[in-house]
Amino acid sequence: MHTVFRVRDINEIDNNKLYQVDLELTADDDEQLQRLTEYIRKEIKPGTEWQRLGSLLLKTGHFDKAEELYKVLLEQPSNESDQALYYNNRGSLKNNQGDYEQAIEYYETALEILEKTLPANHPHLATSYNNIGLVYMNTGDYSKARSFYEKALEVFENTLLANHPNLATSYSNIGNLYFSIAEYSKALSFYEKALGIQEKTLPADHPSLATSYNNIGLVYKNMGEYLKGLTFSEKAFEILEKPLPANHPSLTTFYNNIGLMHYNMKEYSEALSYFKRTWNVHKVLSLPNRPRLKSVNNY
1 MHTVFRVRDI NEIDNNKLYQ VDLELTADDD EQLQRLTEYI RKEIKPGTEW
51 QRLGSLLLKT GHFDKAEELY KVLLEQPSNE SDQALYYNNR GSLKNNQGDY
101 EQAIEYYETA LEILEKTLPA NHPHLATSYN NIGLVYMNTG DYSKARSFYE
151 KALEVFENTL LANHPNLATS YSNIGNLYFS IAEYSKALSF YEKALGIQEK
201 TLPADHPSLA TSYNNIGLVY KNMGEYLKGL TFSEKAFEIL EKPLPANHPS
251 LTTFYNNIGL MHYNMKEYSE ALSYFKRTWN VHKVLSLPNR PRLKSVNNY
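To convert, note that position 39 of the sequence shown is 39 in full-length UniProt numbering; the numbers rise steadily by one, no gaps.
Derived by calculation from the structure, the hints in this document are not laboratory data. It should be emphasised that the depicted structure is a prediction, and the values quoted were computed from it without experimental measurement.
No farther apart than 30 Å at their CA atoms in a straight line, the calculated lysine-lysine pairs in the DSSO-like style are these:
| no. | residue 1 | residue 2 |
| --- | --- | --- |
| 1 | Lys283 | Lys266 |
| 2 | Lys71 | Lys144 |
| 3 | Lys283 | Lys242 |
| 4 | Lys200 | Lys242 |
| 5 | Lys186 | Lys200 |
| 6 | Lys71 | Lys116 |
| 7 | Lys276 | Lys235 |
| 8 | Lys228 | Lys186 |
| 9 | Lys193 | Lys151 |
| 10 | Lys144 | Lys186 |
| 11 | Lys65 | Lys242 |
| 12 | Lys65 | Lys283 |
| 13 | Lys200 | Lys235 |
| 14 | Lys242 | Lys193 |
| 15 | Lys116 | Lys151 |
| 16 | Lys276 | Lys242 |
| 17 | Lys186 | Lys235 |
| 18 | Lys276 | Lys266 |
| 19 | Lys193 | Lys228 |
| 20 | Lys228 | Lys200 |
Distance windows between CB atoms, simulated:
| no. | residue 1 | residue 2 | range |
| --- | --- | --- | --- |
| 21 | Glu267 | Asp99 | 40 to 46 Å |
| 22 | Met265 | Asn79 | 54 to 60 Å |
| 23 | Glu101 | Thr159 | 26 to 32 Å |
We treat Cβ as the ideally placed atom computed from N, Cα and C, and that holds for glycine.
Construct all of the structure, not just a fragment, from the sequences and the given hints.
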């Protein structure tokens, strides 16, 4: 077993670019570490050992190592299903790195393999449509994104049970699209469809529920319904604060959003409390020049 530490604080020493890092050794029975491990386990999909390793590398941001792994796997003898998976995951990798042109190329290669080997209404094709739609979303090409998202939804609705998790993913993706073009009522409708499935099929502490609660909270925030937005954002935060350490970067979004809603409701003391949490996380992570931290300074 490797030694695992919890970062307690990071302080600059005498402005000379040296930092004092306060670490705390964790134990095997550390409750928060166990929750974090379980959180990551839920996020890693089943498959071979190599496939799970690749997924873990993607989830933890080790993109270069993941790329090396997938290159090696594609050079080995494998069936077409595995090849499609590796190209798909390379697409996810490039999408996460912001290399959208390369991401689309890999995703389309995966799709071409699947189209040759699967029937036209197979759910794996819908997953590929969703992935390509996501890249077009990231490039701001909402028309193409909608086209692929709707193709995915059509396949899922025709082949899956009404409460299948992949349907929830499709509803959420289309909700994200409408949110991005400020059609908040439509976004809310699709987010609520996704949440309805997830609440019936997932455990109460599943990360996907937190995502849906947060999405709905943001819709209400942008519609000016801050109290409703706050309720859903706090539900999301309650799920994620259990497995994640208080200085995890994923939590800064929630601190900031909840702070903004309190601010808009003129609850300035509560807003300041959450903005300070955002500040502390960025300070610990040594991110003093990030734009979000500058926006927190303005409050």
